[in-house]
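*Asks:* Quick note, the sequences are listed as chains A and B, same order.
For the first sequence, full-length UniProt numbering gives the first residue as 1, with consecutive numbering after it.
For the second sequence, full-length UniProt numbering gives the first residue as 1, with consecutive numbering after it.
Hints were generated in silico from the structure; no laboratory data involved.
Quick reminder that beta carbons are idealized off the backbone N, C-alpha and C, glycines included.
There could be a bad hint or two in this list.
As the list claims (entries may be wrong) - Here are the simulated DMTMM-like cross-link-like pairs (lysine to aspartate or glutamate), alpha carbons at most 25 Å apart as the crow flies:
1. A/419 - A/329
2. A/165 - A/112
3. A/52 - A/329
4. A/320 - A/373
5. B/236 - A/363
6. A/165 - A/275
7. B/236 - A/350
8. A/165 - A/207
9. B/236 - A/207
10. B/236 - A/341
11. A/320 - A/258
12. A/239 - A/460
13. B/236 - A/311
14. A/239 - A/275
15. A/52 - A/10
16. A/239 - A/25
17. A/419 - A/373
18. B/236 - A/373
19. A/320 - A/275
20. B/236 - A/275
21. A/320 - A/341
What the hints assert, rightly or not - Residues from chain B that keep clear of chain A, each with C-beta distances beyond 10 Å, as calculated:
22. 37
23. 45
24. 208
25. 213
26. 214
27. 221
28. 227
29. 235
30. 292
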Amino acid sequence: MTVTATPVLEVRDIVKTYGGVHALDGVSLSLAPGEVHCLAGENGSGKSTLIKIISGVERADSGAITIDGTTHGHLTPNEAIRSGVQVIYQDFSLFPNLSAAENIAMLSELAERRVLSSRSRIRAAAQRVVDDLGLSLDLDAEVERLSVADRQLIAICRALVNDAKVLIMDEPTTALTYSEVQRLFVIVRRLQQRGVAIVFVSHKLDEVLAISQRLTVLRNGRVVESGDASGYTRRAVSKAMTGRDVSETRLVNDVAPDAPQLLEVEHLSRAGGFDDVSFALRAGEILGITGLLGSGRSEIAEAVFGINPADSGRILVQGKPRRIASIHDAVDAGIGYVPEDRLTQGLFLDIPIAENMVAASLDAYRTRFGLLDRRRIRRSIADLFGRLRIQAPNSSAVVRSLSGGNAQRVVLAKWLDRKPAILLLNGPTVGVDVGSKEEIVTILREQAAAGMGIVVISDDIPELVSCCHRILIIHDGHVVAELAGDDIDADEIQRRMAA
Amino acid sequence: MNGTRGALSEMNGRVDNAFSAAIDRIHVAHGVGRMALLLVVTFGFFAVLRPEIFLNSVNLQNIGIAAPEIGVLALALMLAMLTGGIDLSVVSIANGAAITVSSIYTHFATTQGADAAASMTPLVLLAGLAVGALLGAVNGVLISMVGITPILATLGTMQVFNGLALVWTGGVTISGAPAALRSLGSTAVAGVPVLALVLLVAAALVAVLVNRTPIGRKVQLQGANPVASTYSGISKRATLMTTYVTSGLLAGVAGLMFLARNPSASADYGSSYVLLVIVIVVLGGTNPNGGSATVLGVLLAAVTLQVVSSGFTALRLSAYEYAIAQGVILVGVMVLDQVKFRRRRGRRAMSGTAAPEPATSAPTH
Numbered sequence: 001m002t003v004t005a006t007p008v009l010e011v012r013d014i015v016k017t018y019g020g021v022h023a024l025d026g027v028s029l030s031l032a033p034g035e036v037h038c039l040a041g042e043n044g045s046g047k048s049t050l051i052k053i054i055s056g057v058e059r060a061d062s063g064a065i066t067i068d069g070t071t072h073g074h075l076t077p078n079e080a081i082r083s084g085v086q087v088i089y090q091d092f093s094l095f096p097n098l099s100a101a102e103n104i105a106m107l108s109e110l111a112e113r114r115v116l117s118s119r120s121r122i123r124a125a126a127q128r129v130v131d132d133l134g135l136s137l138d139l140d141a142e143v144e145r146l147s148v149a150d151r152q153l154i155a156i157c158r159a160l161v162n163d164a165k166v167l168i169m170d171e172p173t174t175a176l177t178y179s180e181v182q183r184l185f186v187i188v189r190r191l192q193q194r195g196v197a198i199v200f201v202s203h204k205l206d207e208v209l210a211i212s213q214r215l216t217v218l219r220n221g222r223v224v225e226s227g228d229a230s231g232y233t234r235r236a237v238s239k240a241m242t243g244r245d246v247s248e249t250r251l252v253n254d255v256a257p258d259a260p261q262l263l264e265v266e267h268l269s270r271a272g273g274f275d276d277v278s279f280a281l282r283a284g285e286i287l288g289i290t291g292l293l294g295s296g297r298s299e300i301a302e303a304v305f306g307i308n309p310a311d312s313g314r315i316l317v318q319g320k321p322r323r324i325a326s327i328h329d330a331v332d333a334g335i336g337y338v339p340e341d342r343l344t345q346g347l348f349l350d351i352p353i354a355e356n357m358v359a360a361s362l363d364a365y366r367t368r369f370g371l372l373d374r375r376r377i378r379r380s381i382a383d384l385f386g387r388l389r390i391q392a393p394n395s396s397a398v399v400r401s402l403s404g405g406n407a408q409r410v411v412l413a414k415w416l417d418r419k420p421a422i423l424l425l426n427g428p429t430v431g432v433d434v435g436s437k438e439e440i441v442t443i444l445r446e447q448a449a450a451g452m453g454i455v456v457i458s459d460d461i462p463e464l465v466s467c468c469h470r471i472l473i474i475h476d477g478h479v480v481a482e483l484a485g486d487d488i489d490a491d492e493i494q495r496r497m498a499a
Numbered sequence: 001m002n003g004t005r006g007a008l009s010e011m012n013g014r015v016d017n018a019f020s021a022a023i024d025r026i027h028v029a030h031g032v033g034r035m036a037l038l039l040v041v042t043f044g045f046f047a048v049l050r051p052e053i054f055l056n057s058v059n060l061q062n063i064g065i066a067a068p069e070i071g072v073l074a075l076a077l078m079l080a081m082l083t084g085g086i087d088l089s090v091v092s093i094a095n096g097a098a099i100t101v102s103s104i105y106t107h108f109a110t111t112q113g114a115d116a117a118a119s120m121t122p123l124v125l126l127a128g129l130a131v132g133a134l135l136g137a138v139n140g141v142l143i144s145m146v147g148i149t150p151i152l153a154t155l156g157t158m159q160v161f162n163g164l165a166l167v168w169t170g171g172v173t174i175s176g177a178p179a180a181l182r183s184l185g186s187t188a189v190a191g192v193p194v195l196a197l198v199l200l201v202a203a204a205l206v207a208v209l210v211n212r213t214p215i216g217r218k219v220q221l222q223g224a225n226p227v228a229s230t231y232s233g234i235s236k237r238a239t240l241m242t243t244y245v246t247s248g249l250l251a252g253v254a255g256l257m258f259l260a261r262n263p264s265a266s267a268d269y270g271s272s273y274v275l276l277v278i279v280i281v282v283l284g285g286t287n288p289n290g291g292s293a294t295v296l297g298v299l300l301a302a303v304t305l306q307v308v309s310s311g312f313t314a315l316r317l318s319a320y321e322y323a324i325a326q327g328v329i330l331v332g333v334m335v336l337d338q339v340k341f342r343r344r345r346g347r348r349a350m351s352g353t354a355a356p357e358p359a360t361s362a363p364t365h
């Protein structure tokens, strides 16, 4: 394997702006055949935009993309696929109700424009790829029955059926356990030997540095570091990503010793989700819950908020046992929830910001005649707008027009207006730019200081370290560790999560 | 420090309110302006073509009497559509209410004499409205508790209500209506038919319900994004139940208006109204997927289609040709909507106000 070969993919001086904001500002990158290249960067650094431009989904404002010697001025998704660029997104974009074999080979079969598709031909094509990579996969199983790791392998096989020369994998290790990651890396090495260039987009630096030959770090749409992966430590990369030393930012207010218990969760279980989970939360406290994707961390929050209620166990809110069988029950009990999927679960996209903000608290604005007190609503909205520093032309703008960080602040505003005793936040800074991220954490600290109990569910460890009084680590549906105070340490958490 | 901040945020708030008021006006103007224009154009068209018939006071009076019942039915359907649903059974419910009132009244009139029956009028009318609300509640239970898709649930209940009415009346037109109701149907205040006033009052109440009450706003939110509204603690059951009961109640009012115009009731009255009412509601600027609607737009659309209908009569065109016209108007306006929407979307894509990082499909950390 020589890295001197002509690059299979070369992008030069890519510029992309969204409404005056430079998402990418002159980014260049080149990939040699058989190279594993790590693309690192925080949310909003431009990683996703770059991938979209390379795969033809978005068009760059300027710059050139050369794939296999052909320069494309404006690349379409079809051209990108035909030139051998394949992207595996985090959700894998598989068809859950089709078999593994169909998922692997159906699209290429369709691309051949035959009149009739043949089950046996599809099966054979899929088998060929699976054998080639030396995998053991049940090709007849429906994909929705397979594990996350197997689904990922199917997505990789599908890319290979389509003759991938460049394989871009978005956060490939987020949902995998330690041994599954090792299995993935074995396959990645086999792909390398076949001359496939691989781009790993990730923030799990330990893992990625272990397998990458080269590394490019993006920050605010620019390449801030690029070079041989062996020359970097995890700390150096993380500093390059954020522009500062992350570990220094831990800032936690003291909780009053006599602060009342707001939430007590006792022996909560839900089949297939989590088992015998107990924890408590006091007023003014920020509790972190972390674990790998699929560990049960989200399911616990969903049970407490009544989305998928627990099968057994007790939930006490402010000392009183509460039956939480629906979201309505949870909200009634004084619990708010900022969902991970804020676009569909948290926001009314085509409705003005102002109306989104009062969506959970309409009943509080009822006047004696049963009508809405519009003056009081306007005052609350103006207040929240200022307090959360939402950047929008005015509160009548629809939420769809906002950036990730501002949209998340609207979801927060909705709950702050409701004034719940307890606020659960699932992935509060996913898809949020670096600046907003800090401000959101600051808002959480302020709310905690004002007496709210806050639970942050996240796999963003630096963020948890920066603001949590205590952190629960979930593995396989169980609480495997609880860290508090000075024991809270990013490396320790990472180690316990993967264990 | 705190004082200046307070003053600042107050000023901010005031500027903001002026803004939102302006935007609201434009927003309303979208559905309403279009319908107002269409109304003027159609009215002018027929007035020029057949002034002697179309501008005749009898014809104008007829528009003022026929449009209201359709308008009230349209309001009922608009509420359902606001939640992202539909209520195909509104006409059947209206007929159910009319038949109830007519049968009870005739029963009293024949057994206890006309005077006794007349004194019972308020109760009889209330019974009609109660039947409307009750049948609406049946829809509400099927949709909000059993969880049947609104279009299928109300298609079913439309047939059931209709069938029950047929069985009850034996398929014939029954006649008889309280005298007070009949006189309302033929009275005008300052040249405006009372029925038209009833429509205006109903419209005003619906507008207040939708825009100024907590439950009304919840209904809108439910239509705009059912998942987010559940996640905001809004009870889907309560909002849908309220919606369909109110829709049934309005249909009941329309049923009384049928009787006020014409003192007879039958199971198949207004059988062409269902589609007409859907056309009106959508033309009036209601989003068929839910989340937004304007009462004024729906009112204007109801009048416009009545103008077209009577214009066609003036031109001696048939009901079939009127049906074609309804379809053409609906499709035409929808096509214009799409063209406008695409152009706006195209502009947005170019200026690119979208967030740089998508949060749903591929979150990166």
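*Asks:* Would you mind marking each hint as holding or not holding in the structure?
*Replies:* Here is how each hint holds up against the structure:
For the hint linking residue 419 of chain A to residue 329 of chain A, the alpha-carbon distance of about 16 Å falls within 25 Å, and the restraint holds. Distance check on the hinted pair: residue 165 of chain A and residue 112 of chain A sit about 19 Å apart at the alpha-carbon level, within 25 Å; holds. The suggested pairing of residue 52 of chain A with residue 329 of chain A is violated, with an alpha-carbon distance near 41 Å, which exceeds 25 Å. This hinted pair does not check out: residue 320 of chain A and residue 373 of chain A have alpha carbons roughly 32 Å apart, beyond 25 Å.
For the hint pairing residue 236 of chain B with residue 363 of chain A, the CA-to-CA distance comes to about 15 Å; that is within 25 Å, so the pair holds. Annotation: proposed proximity of residue 165 of chain A to residue 275 of chain A is violated, straight-line Cα distance about 44 Å (limit 25 Å). With a C-alpha separation of about 19 Å, the suggested pairing of residue 236 of chain B with residue 350 of chain A holds against the 25 Å cut-off. With a CA separation close to 23 Å, the supplied pair residue 165 of chain A and residue 207 of chain A stays within the 25 Å bound.
Taken as a hint, the residue 236 of chain B and residue 207 of chain A pair is broken in the structure, with Cα atoms around 45 Å apart against an allowance of 25 Å. A distance of roughly 20 Å separates the Cα atoms of residue 236 of chain B and residue 341 of chain A; the hinted pair therefore holds under the 25 Å criterion. Annotation: proposed proximity of residue 320 of chain A to residue 258 of chain A holds, straight-line Cα distance about 18 Å (limit 25 Å). With a CA separation close to 15 Å, the supplied pair residue 239 of chain A and residue 460 of chain A stays within the 25 Å bound.
Restraint check for residue 236 of chain B and residue 311 of chain A: satisfied, since their Cα atoms lie roughly 23 Å apart, inside the 25 Å limit. The hinted pair formed by residue 239 of chain A and residue 275 of chain A fails the criterion: a straight-line CA distance of about 38 Å is larger than 25 Å. Distance hint between residue 52 of chain A and residue 10 of chain A is fulfilled; the C-alpha atoms sit about 15 Å from each other, no more than 25 Å. Between residue 239 of chain A and residue 25 of chain A, the direct Cα distance comes to roughly 20 Å. Compliance with the 25 Å bound is thereby established for this hinted pair.
At roughly 18 Å between alpha-carbon atoms, residue 419 of chain A and residue 373 of chain A fall within 25 Å of each other, so this suggested pair holds. Distance restraint check for residue 236 of chain B and residue 373 of chain A: the Cα-Cα separation of roughly 23 Å lies within the 25 Å cut-off, and the hinted pair is therefore satisfied. A C-alpha spacing of about 22 Å is found between residue 320 of chain A and residue 275 of chain A, which places the hinted pair at or below 25 Å, so the restraint holds. As the CA atoms of residue 236 of chain B and residue 275 of chain A are separated by approximately 30 Å, the hinted pair breaks the 25 Å bound.
Distance hint between residue 320 of chain A and residue 341 of chain A is unfulfilled; the C-alpha atoms sit about 30 Å from each other, more than 25 Å. Listed as a non-interface residue, residue 37 of chain B keeps its Cβ farther than 10 Å from every Cβ of chain A; the least gap is roughly 24 Å. Non-interface call for residue 45 of chain B relative to chain A: holds, since the shortest CB-CB distance, roughly 35 Å, exceeds 10 Å. Non-interface call for residue 208 of chain B relative to chain A: violated, since the shortest CB-CB distance, roughly 7 Å, does not exceed 10 Å.
Once the 10 Å rule is applied to beta carbons, residue 213 of chain B is inconsistent with being away from chain A; the minimum gap is 6 Å. With a minimum CB-CB distance of about 4 Å to chain A, residue 214 of chain B fails to clear the 10 Å threshold, and the non-interface call is violated. Remark: the non-interface label on residue 221 of chain B conflicts with the geometry, its nearest Cβ contact in chain A lying 6 Å away (cut-off 10 Å). Some Cβ of chain A comes within 10 Å of the Cβ of residue 227 of chain B; the nearest lies about 5 Å off, and the non-interface call is violated.
Consistency note on residue 235 of chain B: stated as away from chain A, yet its beta-carbon is not over 10 Å from all of that chain's, at 5 Å minimum. Listed as outside the interface, residue 292 of chain B is inconsistent with that label: its C-beta sits roughly 8 Å from the nearest C-beta of chain A, within the 10 Å cut-off.
Checked against the numbered hints given earlier, the structure breaks hints 3, 4, 6, 9, 14, 20, 21, 24, 25, 26, 27, 28, 29, 30 and satisfies all the rest.
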